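S.K.: The primary structure of each chain is shown beneath.
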Amino acid sequence: MSGTFVGMPAFPEAAREAVRNTTLRANLRHATHTIRDKRARAVAELDDWASLREAGKQIKDHTLRNLEHYLLQLEESVTAAGGTVHWAGDADEANRIVTDLVKATGESEVVKVKSMATQEIGLNEALEAEGIHAYETDLAELIVQLGKDRPSHILVPAIHRNRGEIRDIFEKEMGSWGRPAPEGLTDTPAELAEAARLHLREKFLRAKVGISGANFMVAETGTLVVVESEGNGRMCLTLPETLISVVGIEKIVPTWRDLEVFLQTLPRSSTAERMNPYTSTWTGTAREDGPSTFHLVLLDNGRTDTLADEVGRQALRCIRCSACLNVCPVYERAGGHAYGSVYPGPIGAILSPQLRGTQSEIDASLPYASSLCGACYEVCPVAIDIPEVLVHLRERVVQGGEVTRHGTKVTLRPAKGHAAERAAMRAAGWAFGRPAALRTGQRLASGTRRIHPRTLPGPGRAWSATRDLPKVPAEPFRDWWRRTNGGQTEKGGKK
Amino acid sequence: MSSRDQILGRVRRALADVPEDKKNHAYDRAVPRDYLREHGDRSTEQTTGLLAENLADYRAHVHRCTAEELPALLARLLAARGARTVLAPPGLPPHWLKAADTNRIADRAASTPHELDEVDSVVTGCAVAVAETGTIVLDGGPDQGRRRITLVPDHHICVVRVPDQVVSSVPQALERLDPARPLTWISGPSATSDIELDRVEGVHGPRTLEVVLVSGV
Ligand code: SF4
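Residue numbers (my numbering), protein chains in the order written: chain A, 1 to 495; chain L, 1 to 217.
It is worth saying that the hints were derived from the structure and are not from the lab.
Since we're looking at a predicted model, the values are computed, not measured.
Honestly, I wouldn't trust all of these hints.
A partial selection of chain L residues facing chain A, derived with a Cβ cut-off under 7 Å [as the list claims (entries may be wrong)]:
no.: 1; residue: 114
no.: 2; residue: 195
no.: 3; residue: 217
Pair by pair, the computed Cβ-Cβ distance ranges are [to be verified]:
no.: 4; chain 1: A; residue 1: 109; chain 2: L; residue 2: 19; range: 46 to 52 Å
no.: 5; chain 1: L; residue 1: 29; chain 2: A; residue 2: 47; range: 45 to 51 Å
no.: 6; chain 1: A; residue 1: 188; chain 2: L; residue 2: 44; range: 41 to 47 Å
no.: 7; chain 1: A; residue 1: 40; chain 2: L; residue 2: 42; range: 52 to 58 Å
no.: 8; chain 1: L; residue 1: 44; chain 2: A; residue 2: 288; range: 34 to 40 Å
no.: 9; chain 1: A; residue 1: 410; chain 2: L; residue 2: 53; range: 53 to 59 Å
no.: 10; chain 1: L; residue 1: 85; chain 2: A; residue 2: 40; range: 32 to 38 Å
no.: 11; chain 1: A; residue 1: 178; chain 2: L; residue 2: 68; range: 44 to 50 Å
no.: 12; chain 1: A; residue 1: 96; chain 2: L; residue 2: 45; range: 55 to 61 Å
no.: 13; chain 1: L; residue 1: 46; chain 2: A; residue 2: 163; range: 39 to 45 Å
no.: 14; chain 1: L; residue 1: 114; chain 2: A; residue 2: 188; range: 27 to 33 Å
no.: 15; chain 1: L; residue 1: 64; chain 2: A; residue 2: 188; range: 32 to 38 Å
Some, not all, of what chain L presents toward chain A, calculated at C-beta under 10 Å [unchecked claim]:
no.: 16; residue: 12
no.: 17; residue: 14
no.: 18; residue: 104
no.: 19; residue: 113
no.: 20; residue: 116
no.: 21; residue: 172
no.: 22; residue: 174
no.: 23; residue: 207
We put the CB at the ideal spot given by N, CA and C, even for glycine.
Put together the whole structure using the sequences plus the hints.
M.R.: Next up, the structure:
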């Protein structure tokens, strides 16, 4: 079931397994390449893209630097608009708050619109444990939920399933959750979508409680924004009597005007559209339109710890567009599940270890799930320098150092001889033992790269000593790798 | 200590490295706004043309007419759909539907979602339309009604008064809109690409979206 990744193998093992699964690989390859090319065209339509990207970055950085101020302002404006604000320090607290709110309504089922924050905290499982059934209403999430599976992509969570598999899941499972799949269901996408429409409609029409996340929260006005495609978001946000939104504290923007940047960059970066089919905004409660009760649960769950890291905090700028997944050669091969978290791909590799710490083997190995080729940075609409953070986190794993955990500064010991390092070494071996995985990445115009590591820290040092890594900024690593046949023909380089 | 105080305290400590002057330097100066207010240079007529083009690109059916032609056009669209019942918000000009041979249903707060599910079509106005993105925005105004009425029925006809309600860009649209009102931005009918990235129109929202660009209102 989604959200639970306990007992996940570390990235290298999970990735090795995924690479062997040819269906998964073919689906992923097709999907990521299709979106990636479409995205490039959608972005090229706007000749001020670089300025929009810079503005997006600065808005987020400014907000993070003044987060206390904006959180308080948001609380005030949401409250003034008729909403109730709750604060949750961690996943357990958030789950408890939501469970209590649902129980207070007397309902035993809720409809949900896809939200990474609620997946992160494992809300569905927490509700289920209290006898409350949460229905996922995104088509992809429905596929994942019915298939007792885990999402593998931020935007198209069922990207690892093909149409035949989806048809089988619908036929087998829909009946035990509600309206069964129509007789003689074929595997054409239109028919499958129709089956989902019918199955979910009865749930929407009778739902009394809706649960959502939000893409943005406007401090100045108390407005929340949900960007979506299918209309299930609109259903969850407007039909129920009670709406509960669980949102990470980093989702704030200061003003209404700031949306003019993100409503341009987000759709083009994520679904590669000029605009996604539906965007809903709401401010507290409205008279006789939509839910009469609105609760906002502000979630920390490791975000303030991430904020304390001077290099790593830029990960909090992320608007979850998933562009970085679609260009990542490692993601394309390994698939989303290998990352062992609801946040897959390059963003997951820097976010999960920061939100959760690097104690577990999977989290310690995540910063190594990358070739540092920089394609993720190039496409990121808020210019997160993912390679820089990866190198920083590798250093943290291997050399130890000061980090903040649950609000307290602790000193991590170096991982020498530790399971984490072994995991890290294996991950590195995995990525670098597959030059083809790196070569398949699309060559993007080289932007300004800010990192110029002379040597890679930790296990990376072994490579950088002989493989001439200082050339990374001048020549993308991937190109260097191809040119030198993985470093073997580089002058002075040794295998 | 409450979780609120704890989180705010953690935020404060997490930012201890940020110098005060960096922190509070005015929002206006912190963000460079050198991006464009609109893309390209178009006449009013060209902007409306771009709106029509982008709406159609996202599979909305686009129609153009004059104010006099509107009632006949709406009647024709409803008849072609075979609509027997049409929902209209209270502020929709009554003459818009005077030629339609359908049973007109009022937007009532008490209507349940199940009742709305029985309605064939809904006709509304809009608050603003964005040419560059092919988007119409509803703000719950008197000719648009509650959000649910444009969501549950399967057929939505949205009337845009051109050129007054048309802007070029997203920044221009936001300037016109009131964040205190619940807004719905619609760009084509609902869609999903969740199955092997094949775009399928119509999952939960109205599967058919018709946009009428009416001039001379
Ligand atoms: S890191 Fe950047 S590219 Fe990746 S999901 Fe977040 S915003 Fe998008």
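S.K.: Evaluate each hint against the coordinates.
M.R.: Do the hints match the structure? See the list:
1. With a least beta-carbon distance of about 5 Å to chain A, the hint placing residue 114(L) at the interface is held under the 7 Å criterion.
2. Of the supplied interface hints, the one on residue 195(L) holds, with its beta-carbon coming within about 4 Å of a beta-carbon of chain A, less than 7 Å.
3. Hint on residue 217(L) is violated. Least Cβ distance to chain A is approximately 25 Å, over the 7 Å limit.
4. At roughly 51 Å, the beta carbons of residue 109(A) and residue 19(L) sit within the given window of 46 to 52 Å.
5. The supplied range of 45 to 51 Å is broken by residue 29(L) and residue 47(A), whose beta-carbon atoms lie about 25 Å from each other.
6. For the hinted restraint 41 to 47 Å between residue 188(A) and residue 44(L), the CB-CB distance of approximately 43 Å keeps it satisfied.
7. Range check, residue 40(A) to residue 42(L): about 25 Å between beta-carbon atoms, so the 52 to 58 Å window is missed.
8. Evaluation of the 34 to 40 Å hint for residue 44(L) and residue 288(A) yields a pass: the beta carbon distance comes to about 36 Å.
9. The hint said 53 to 59 Å for the Cβ distance between residue 410(A) and residue 53(L), and at roughly 58 Å that hint holds.
10. For the pair residue 85(L) and residue 40(A), the supplied restraint of 32 to 38 Å is violated, since their beta-carbon distance comes to about 45 Å.
11. Between residue 178(A) and residue 68(L) the C-beta distance comes to about 49 Å, which sits within the given range of 44 to 50 Å.
12. Checked against the hint of 55 to 61 Å, the pair residue 96(A) and residue 45(L) passes, with Cβ atoms roughly 58 Å apart.
13. Judged by the Cβ atoms, the range 39 to 45 Å given for residue 46(L) and residue 163(A) holds: they are separated by roughly 41 Å.
14. At about 29 Å, the beta-carbon gap between residue 114(L) and residue 188(A) stays in the expected band of 27 to 33 Å.
15. Evaluation of the 32 to 38 Å hint for residue 64(L) and residue 188(A) yields a pass: the beta carbon distance comes to about 34 Å.
16. With a least beta-carbon distance of about 6 Å to chain A, the hint placing residue 12(L) at the interface is held under the 10 Å criterion.
17. For residue 14(L), the interface hint holds, the least distance from its beta-carbon to any beta-carbon of chain A being 4 Å, beneath 10 Å.
18. Restraint check, residue 104(L) versus chain A: the minimum CB separation of about 20 Å is more than 10 Å; hint violated.
19. For residue 113(L), the shortest C-beta to C-beta distance to chain A is roughly 4 Å, which falls under 10 Å, so the interface hint holds.
20. Because the smallest distance between the Cβ of residue 116(L) and any Cβ of chain A comes to about 9 Å, under 10 Å, the interface hint for this residue holds.
21. Checking residue 172(L) against chain A by beta carbon gives a least distance of about 9 Å; that is within 10 Å, so the hint holds.
22. A distance limit of 10 Å between C-beta atoms decides the matter here; for residue 174(L) the minimum to chain A is near 5 Å, and the interface restraint holds.
23. Restraint check, residue 207(L) versus chain A: the minimum CB separation of about 8 Å is within 10 Å; hint holds.
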